[in-house]
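A.B. asks: Sequence:
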Amino acid sequence: MTETFTYEARDQILVIHLPKELDHHNCRNLRYETDLLFSENYIRKVVFDFSRTEFMDSSGIGVLLNRYKQMARSGGSVTLYGVKEQIRRVLAIGGVTRLIRHFDTKEAAIAG
Numbered sequence: 777m778t779e780t781f782t783y784e785a786r787d788q789i790l791v792i793h794l795p796k797e798l799d800h801h802n803c804r805n806l807r808y809e810t811d812l813l814f815s816e817n818y819i820r821k822v823v824f825d826f827s828r829t830e831f832m833d834s835s836g837i838g839v840l841l842n843r844y845k846q847m848a849r850s851g852g853s854v855t856l857y858g859v860k861e862q863i864r865r866v867l868a869i870g871g872v873t874r875l876i877r878h879f880d881t882k883e884a885a886i887a888g
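Residue numbers for the sequence shown follow the numbering used here, so the first one is 777 and each next one is one higher.
For the record, the hints were derived by calculation from the structure and aren't laboratory data. None of the hints are false.
Derived CB-CB ranges, DEER-like:
#1 E861 / Q788: 29 to 37 Å
#2 G871 / F831: 14 to 22 Å
#3 G871 / R804: 19 to 27 Å
#4 E816 / I869: 32 to 40 Å
#5 D833 / D787: 27 to 35 Å
#6 S850 / Y808: 14 to 22 Å
#7 R820 / E861: 27 to 35 Å
Values in this document were obtained by computation on a predicted structure and should not be read as measured data. Using N, Cα and C, we set each Cβ at its ideal position, and we do this for glycine too.
Work out the full structure, taking the sequences as your base and the hints as a guide.
C.D. replies: If you want it as structure tokens, here you go:
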């Protein structure tokens, strides 16, 4: 069974709830679905919810960096929340933590 992403769009904010595993199999879907959401909505901020995520490979880092660049070009921003220690290490090694701010709660990530 492929885990799916769930999305919450309100105003100009898109919250993406990530599954337990973020790997090359489901990153294709994430890219495709977020491209559609970006084209249909005026998104100014993307918030990634890592609270369920226990595994992430380099494809996940690629998607995060791609969305960061996409938002930066349009004057928007990207934040993360709910990142477990193991995922935090992967993000740090991939250079993501230098670019994208992470928070403990959804509310703080939306506000931040």
